[in-house]
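All chains should be built: construct the whole structure from the sequences, respecting the hints.
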Amino acid sequence: MEQPKPNCPDTAQKTAGQHFWRNGNYTDSSTVRSIMAQAPPEKGFSGFAVDFAMGGVSAAVSKSAAAPIERVKLMIQNQDELIKSGRLSRPYKGIGDCFKRTINEEGFASFWRGNGTNVLRYFPTQAFNFAFKDYFKSLFSFKKERDGYWKWFGGNLASGGAAGASSQVIVYSLDYARTRLSNDAKSVTKGGQRQFNGLIDVYRKTLASDGVPGLYRGFNISLLGIIVYRGLYFGMYDSLKPLVLTADLQDSFLASFGLGWVVTNGAGLAAYPIDTVRRRMMMTSGEAVKYRSSLDAFTQIVKNEGAKSLFKGGGANILRAVAGAGVLAGYDKLQLLVFGNKHGSAAA
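Going by the UniProt record's numbering, the first residue of the sequence shown is number 1, and it counts up by one from there.
For the record, the hints were derived by calculation from the structure and aren't laboratory data. Quick caveat: nothing in here was measured; it's all calculated off a predicted structure. Think of the CB as a built atom: it goes at the ideal place given N, C-alpha and C, for glycine as much as any other residue. Wrong hints could be hidden among the right ones.
To be verified - Listed next, with one range per pair, are the computed distances between beta-carbon atoms:
| no. | residue 1 | residue 2 | range |
| --- | --- | --- | --- |
| 1 | I95 | E287 | 53 to 59 Å |
| 2 | Q193 | K93 | 21 to 27 Å |
| 3 | D201 | S89 | 22 to 28 Å |
| 4 | A53 | D296 | 40 to 46 Å |
Okay, structure coming up:
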């Protein structure tokens with residue numbers, strides 16, 4: 001288990017006026033932008049690159065393994081939009097029914113439809129999440145022993161949320177494309193044809209019908225959702241790990257996996273209604289009827305379908321959380337194997 005990192009003397013802290021304390025000297029505000037743009041002083045650029053690579057690799061492997069349940073979750077979650085557009089004849093009765101109908105209508109291999117885009121999206125998303133998390137964490141620089149548990153816990157939540165929001169800005173259009181491909185079931189009412197032929201076709205058709213805004217539909221509420229989800233995801237894991245994974249459990253992959261699964265489920269449940277609204281908004285690009293805003297989408301869904309519709313696919317999401325737990329546990333294991341106790345993602 002990692003030991004807490006020493007206080008970083010290179011962290012910029014604001015003092016009175018427009019001056020900052022840095023490396024034992026006051027620095028005027030003109031240098032702030034260059035300070036903020038640098039990689040975390042604890043690790044430097046090489047540490048940032050290592051976080052990027054290992055976070056991305058562990059994420060890509062986990063998501064590929066969980067691709068079938070990932071697609072089922074998305075199809076159940078967005079089934080009402082699929083019915084509206086005529087691409088689904090009747091609602092799914094549950095996870096089992098969705099699996100059965102998908103196999104019968106599209107074949108088993110179809111569960112990996114959109115997985116290439118998901119890996120392409122998830123690799124930079126998760127890698128940026130982990131790398132930015134440690135960057136923002138070093139900027140907050142809260143220590144449990146020095147600042148107290150709750151300030152330290154709050155710093156973990158804030159750094160996780162900021163990391164998620166930063167990465168979302170970069171890869172949102174890929175998330176949109178992945179959502180459309182995963183929900184692109186063969187339409188029984190349209191001769192068994194799919195709407196899209198692949199990633200490039202999603203971009204081409206969306207830009208033709210809706211322009212660039214079509215690729216970013218649901219983006220605003222997505223930022224709120226990612227801050228809630230990633231803030232809890234990283235904040236709870238980093239904060240609970242030193243308390244739960246002690247003694248013989250500190251290097252246990254299974255124990256780390258179990259903690260990651262619990263954390264992923266908790267974060268996913270809290271952010272799930274937001275995720276449903278944003279994905280339902282994504283599904284309207286290229287369609288005749290669109291929601292005016294995220295609030296309008298939320299209002300219409302609750303009014304017409306009931307609040308429980310916001311949690312459709314929630315059961316599949318619990319199973320899907322296995323992938324998220326695998327990412328956290330795999331990332332920790334990779335760091336242990338490569339760096340020993342030097343670079344843990346969940347350091348205190």
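Taking the beta carbons of I95 and E287, is their distance inside 53 to 59 Å? Given range 53 to 59 Å: violated, Cβ gap about 26 Å.
Do Q193 and K93 keep their Cβ atoms within the hinted range of 21 to 27 Å? holds (25 Å)
Holds or violated: 40 to 46 Å for the Cβ distance of A53 and D296? holds (41 Å)
Determine whether the Cβ-Cβ distance between D201 and S89 falls within the hinted range of 22 to 28 Å. holds (24 Å)
The structure does not agree with numbered hint 1 stated previously, though it agrees with all others.
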